[in-house]
Structures are given as C-alpha cells and as structure tokens.
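Participant: So the sequence lines, in the order shown, correspond to chains W and A.
Using this note's numbering, the letters of the first sequence correspond one by one to residues 1 to 349.
Using this note's numbering, the letters of the second sequence correspond one by one to residues 1 to 270.
If a hint is listed, it holds; no wrong ones were tucked in.
What follows is a set of in silico ranges between Cβ atoms, one per label pair, in the way DEER data are often shown:
{"no.": "1", "chain 1": "W", "residue 1": "Ile-94", "chain 2": "A", "residue 2": "Cys-130", "range": "31 to 41 Å"}
{"no.": "2", "chain 1": "W", "residue 1": "Asp-149", "chain 2": "A", "residue 2": "Ser-166", "range": "20 to 30 Å"}
{"no.": "3", "chain 1": "A", "residue 1": "Gly-136", "chain 2": "W", "residue 2": "Ile-88", "range": "37 to 47 Å"}
{"no.": "4", "chain 1": "A", "residue 1": "Ser-166", "chain 2": "W", "residue 2": "Asp-161", "range": "37 to 47 Å"}
{"no.": "5", "chain 1": "W", "residue 1": "Asp-161", "chain 2": "A", "residue 2": "Asp-125", "range": "33 to 43 Å"}
{"no.": "6", "chain 1": "W", "residue 1": "Gly-151", "chain 2": "A", "residue 2": "Ala-54", "range": "24 to 34 Å"}
{"no.": "7", "chain 1": "A", "residue 1": "Ala-54", "chain 2": "W", "residue 2": "Ser-237", "range": "47 to 57 Å"}
{"no.": "8", "chain 1": "W", "residue 1": "Lys-52", "chain 2": "A", "residue 2": "Asp-255", "range": "31 to 41 Å"}
{"no.": "9", "chain 1": "A", "residue 1": "Pro-162", "chain 2": "W", "residue 2": "Gly-151", "range": "24 to 34 Å"}
{"no.": "10", "chain 1": "W", "residue 1": "Asp-319", "chain 2": "A", "residue 2": "Asp-125", "range": "53 to 63 Å"}
{"no.": "11", "chain 1": "W", "residue 1": "Asp-149", "chain 2": "A", "residue 2": "Ala-54", "range": "24 to 34 Å"}
In silico DSBU-like pairs for lysine-lysine, Cα to Cα no more than 30 Å straight-line:
{"no.": "12", "chain 1": "W", "residue 1": "Lys-262", "chain 2": "A", "residue 2": "Lys-179"}
{"no.": "13", "chain 1": "W", "residue 1": "Lys-226", "chain 2": "W", "residue 2": "Lys-323"}
{"no.": "14", "chain 1": "W", "residue 1": "Lys-226", "chain 2": "A", "residue 2": "Lys-179"}
{"no.": "15", "chain 1": "W", "residue 1": "Lys-226", "chain 2": "W", "residue 2": "Lys-330"}
{"no.": "16", "chain 1": "W", "residue 1": "Lys-55", "chain 2": "A", "residue 2": "Lys-89"}
{"no.": "17", "chain 1": "W", "residue 1": "Lys-323", "chain 2": "W", "residue 2": "Lys-301"}
{"no.": "18", "chain 1": "W", "residue 1": "Lys-201", "chain 2": "W", "residue 2": "Lys-335"}
{"no.": "19", "chain 1": "A", "residue 1": "Lys-179", "chain 2": "A", "residue 2": "Lys-233"}
{"no.": "20", "chain 1": "A", "residue 1": "Lys-37", "chain 2": "A", "residue 2": "Lys-84"}
{"no.": "21", "chain 1": "A", "residue 1": "Lys-84", "chain 2": "A", "residue 2": "Lys-216"}
{"no.": "22", "chain 1": "W", "residue 1": "Lys-226", "chain 2": "W", "residue 2": "Lys-322"}
{"no.": "23", "chain 1": "A", "residue 1": "Lys-160", "chain 2": "A", "residue 2": "Lys-240"}
{"no.": "24", "chain 1": "W", "residue 1": "Lys-201", "chain 2": "W", "residue 2": "Lys-322"}
{"no.": "25", "chain 1": "W", "residue 1": "Lys-108", "chain 2": "A", "residue 2": "Lys-240"}
{"no.": "26", "chain 1": "A", "residue 1": "Lys-187", "chain 2": "A", "residue 2": "Lys-89"}
{"no.": "27", "chain 1": "W", "residue 1": "Lys-156", "chain 2": "W", "residue 2": "Lys-52"}
{"no.": "28", "chain 1": "A", "residue 1": "Lys-47", "chain 2": "A", "residue 2": "Lys-37"}
{"no.": "29", "chain 1": "A", "residue 1": "Lys-116", "chain 2": "A", "residue 2": "Lys-47"}
{"no.": "30", "chain 1": "W", "residue 1": "Lys-52", "chain 2": "A", "residue 2": "Lys-89"}
{"no.": "31", "chain 1": "A", "residue 1": "Lys-179", "chain 2": "W", "residue 2": "Lys-108"}
{"no.": "32", "chain 1": "W", "residue 1": "Lys-55", "chain 2": "W", "residue 2": "Lys-168"}
{"no.": "33", "chain 1": "W", "residue 1": "Lys-262", "chain 2": "A", "residue 2": "Lys-240"}
{"no.": "34", "chain 1": "A", "residue 1": "Lys-84", "chain 2": "A", "residue 2": "Lys-116"}
{"no.": "35", "chain 1": "W", "residue 1": "Lys-52", "chain 2": "A", "residue 2": "Lys-179"}
{"no.": "36", "chain 1": "W", "residue 1": "Lys-239", "chain 2": "A", "residue 2": "Lys-179"}
{"no.": "37", "chain 1": "W", "residue 1": "Lys-42", "chain 2": "W", "residue 2": "Lys-335"}
{"no.": "38", "chain 1": "W", "residue 1": "Lys-55", "chain 2": "W", "residue 2": "Lys-30"}
Quick caveat, the hints were computed from the structure, so don't treat them as lab data.
Where a beta carbon is used, it is the ideal one built from N, C-alpha and C, also for glycine.
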Amino acid sequence: MTIKKVVTISTLLCFVFLLSNFTEDNPYFKIGERDVTFQLPKGFPVPNYTFKNNKPTPAGFTLGRMLFYDPILSKDSTTSCASCHQRIAAFAHIDHPLSHGINGLIGKRNVPALQNLAWGQSFMWDGGVNNLEVQPLSPMTNPIEMNSDLGEVLKKLKHSDYYRTAFKEAYGDTLISSERMLKAITQFTGMMVSSNSRYDKFMRHEDTLSQFEFNGLIVFREKCAKCHREPLFTDESFKSSGLMPDTLLNDPGRELITGRYKDENTYKVPSLRNVAMTYPYMHDGRFRSLEQVLDHYAAGKFYTLNISPELLEARNLSDVEKKEIIAFLKTLTDKEFLYDRRFADPTYR
Amino acid sequence: MRQKLNIVQKTIMIFCIATASVVAMSFSPVGERRNIKLHIWNNVGGKEIIYDNATYKNSTGQDYTITNLKYYISNITLTDTSGKVFTNKDSYYLIRQDDPATMDIELADIPMGNYKSISFLIGVDSLHNCSGAQSGALDPVNAMFWTWNTGYIFFKLEGKSPVSTSPGGIFEYHIGGYKAPANCIRKVTLDLNGDTDQPNMVNVPTGKLPDGKQLKISSINLSADIAKIMDGKTVIDIAKLSSVTDFRNAPAIADNYQHMFSLSNLNYDY
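Start from the sequences, fold in the hints, and give me the full structure.
Facilitator: Structure below.
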C-alpha cells in the first residue's frame, strides 16, 4: 500500500467519522443549557405557556424527548407519540388522512402539526384540552390511539432502569409520578418553536420574497389572515371553513366540548406554518393538496351551518391568486425547525 | 478550668432554656389555634354503603346497588359569627368509598373563634381545572379526570340496576365541568348550630360547662346521603338515564348532590 493510498483512506475514514458525528440525527447529540432556553421570537406575542412551574432543564427535556419517542406510553408498547407526529412533517402525519393508533385502529381526526404550542390557548381540533401539560393524557388514554391506563404506564416506567435514572437526573430523586412525566413531555413539546421560515426572515428583513410570493402574502392578508392571523397564522378561534360534515365520522366539532349549537361544525383555526409539509389537510384530512384547499375556498360552495362573515370574504380567488397564495404558503416552511436536532429521535441507533 | 467549663455550661444552659421557651411560645399558646377533624359518613338514606351486595331503592321504587363512589370536596372554610372566614389551605380532597382514610379530613391550625357555619365546594374550583399537571388528590392517576375535555370529574357514582338499559345493567353518573353552561361545582354551606344539644363553637365564651371549663369542637361529623343524587329537585329515572358521562344532564344531578350533606353532630374536647 502506498503512502498516498493510506493517506486517502484515512482521510476518507476521518471524513466518514466526522459525518457520522454531525448528521442531524446524531444519537449522541446531548442537550445542553442553551438548547432548553425558550426565546421569544421577534414579533411574536407573549406565550400562553410560560414554563413558570416547569422550568426546562437539559435533563428534563431529554426525559421528555425520550418519552415522546418511546412506545412504552401505549398499552401494547407499539405506538409512541412520534408514530403519529412525524418530525419531517412538522410533527403532523404525512399521507394519513386520519390518525392510526394501536391495533391498526383508525382515529376520528387528522394529526395536526406540533409547533408553537406554547402560544396555544387550547389544543385539539375542538379545543377540548385546556393546558399543554395535560394534553398527552388524551392520546395515552384514548382507546383508538394509545389505549393505556395512566397507572399502568407509570408502573412500566417505574420498572425501567433507564427511566428511574432519567427521572432522577431530571428531578433529583427517583419518584416517577404523572405530574413529572407530563411536565417533562411538556418541556419537549413546549419548546417546539417555528419562527425561522423565509416569511419570518422576510419580516425581519433578513431575506426576500419573490414578487409572486409577495403577491401571495398580500392576497393572503386580505382574504385569509382574519382567521389565520400572523405571525402564528391562527387566531386560536373556532370557525367553520364551510366543509360539508362527513356523515360517517359524525364529528360535531367544537360542539362536542361546549354543547352549544352555535359551535357545531366549527374547528380550531389551524396554524399554516409548515403547511406545505403537513398534507393531507383539514380536521378529517379530506384534501390531499393545497390546491384542493384553495379550490374549496375559491369555489365558495360552503355548507352554511355556523359560518362566519370572514369566510365569505375568502371566496372569489382568481386562478393566479390561488397560485400566488400557495407560493406564499410555501415560504412558511421552516427548515431550521424541521431539521432541529433537539427534536430528533433519541432512540434511533 | 472547672470555672471555665461552668461558664460554658451556663451559656449552653441559658441558650437551651431560651430556645426551649421560644419553641414553647410558638407551639403552646393553649386555646389559640387547634385542629378539627371533619368526618364524612357516606350512606344511602341512613343505610351503610356496601359495594355490590346491598340493594337500595330510589323514591320511584327502582332497585340499585353501588359499585363505585368517589367525589371531590375542596375549598373548605369556617365562618364565625362576626363573618370572619377561616380558609383551609390546599384543601382538595378525594373522598373514596373504598378508602376509609379519605373520609377523615384534618383542618389544621384553626384560630379560636365563634364558628357558626362550614362551607365547601363539591368539585374542584375552575382555576385548578386549568392548572395543568397536578399531584396528590388532583393527580389524574386517580381516574377522576376527563382527558378529551379537560377537567376533573367531581363526582362518580357507579352501580347496577335491573331497570338500567345499559349493557350489564350498569348505571354510571360521572359529573364534572367547571364552565358555563354546564358548571357542576356546587357550594355547600352547613349551619353548625344544627346540633342543638350542645354549644357548638370552637371556643364559646358562653359555652362553659358547670365546672367552668370551655367546650371546644374536636370534630365535625357530616352525613352524605347518596340517595339524594337520584331524588332531589330532579328525580332520576335509572331506566331512562343510566349513563351521564359529560355535560349533558350533569347540572341537574349537580343540583341534587348539592343537598346531600347534612350535619350529623359535633364532638367536643373539654
């Protein structure tokens, strides 16, 4: 073997080694103090969840991340939060109109993206959950999602050496309680902030939009932003988007929570951040593409139960305007968030 | 040397006495503050509750048995004759029929006063329905929590009845909800003068015994008549309504449980 060859091979090896250490899914990536500092993005309102009684720590966040990716939270240990909430889709579930849970059971609703949850005033399509900390209980105990009994989950965690250590590192002792488990998951989910899309950078004068995209922003502001309000692209209200209810699913929407007739067929206005990544669309995933969503608004053939005046203003889009809006919506894709290695699967080896 | 030691000893002694008296002063002002036990006796029209095997009858003659009974009481206060209110701190209690220990509640550190009434909520105040992950009585592991429509289940009564149309002849009343129009939090206020035999206050200037000693309440004993849930302002027909698991029909049952408590008697120390 010539010296040249040895050098080339060893350089190559070094390169491979370096690469393997720095790929975004590096399992050895350790969470540090800086990774758990919640920063208020410029131009964003004050968050609703302030981590006041749940100060994020590297160990707490690491525990929450592990719990999010661990199927131990489901009854038969097959389904984790990440089974439905996929990181590459801003934690929505690509290509599945309705969520899939344990035993292949199909849920009633489309999996929403998880982002900017700290600003959420309520959660789920119907707003039934009032605090991010208790949100995980809903999928965990839902018979068609993870179908667990909270007590059983805690028992499983208590039997695990990994979790006894992880809880101790996070909380100083090995007590494993629902409060600690939920707060750790919330350190992880609450930290998911998307604020570095091209749109954000444009607003901060760090990047530009093409004329076409910019036109889209202008039409969007006129027709859509009353409900999908900047910068979070939701006003947290419950509205009807004029969809005809699916007679098989029989989903009453917000009415399920309030019992009020005026809330029937209304759903939480979803954020449109990373929307190009989160297909299919709507609470029941009935639209496969943004084109279909825009066609729905533009056609204006709305199911009129409980629709609001803002919806009527969203009609009458020309074909060019539809394309411009879609081009604009694509500028809401936030690669920094999608590839943020803090949120990568730690169980991946 | 001996003298020096003595000085040291004296100093220590003085220090000890001083500490002891400070400690004594802070703990012993006899008659200043005391603890009162609140005891709850769950029953059905005066009959003991025995899971599965005891059969009860509601006012319309429907038979039923009980298989599960749990409920929250919270925010306990005592009000004295001048209107001053003693508030029991951190008072969230889950009363479980299967755990007698939960039926004794210790109200600690009550200042002496002429107390005329006790109040509490059946349920959990709205703030604590919105406070995220909590522990103790409010730990969701107690299975008194709705995960799909966040909030505590304030009251759970489950059982069986031959007239029920639910599978297995069961009935279940899970009552909760802190928001209008289905707010099921109910405030109960009971007059402590209800016990007429004896003077009734924690520290009653007029409540002296012939030998001059004062009577002080040591425990307040309440009866919770579970039958009232079905037979109150609204009479529940188990055949028609065997399952209440969300806000539908819940407020009517809450109006009924509001009146299930009564004062049985008071116990005193001399």
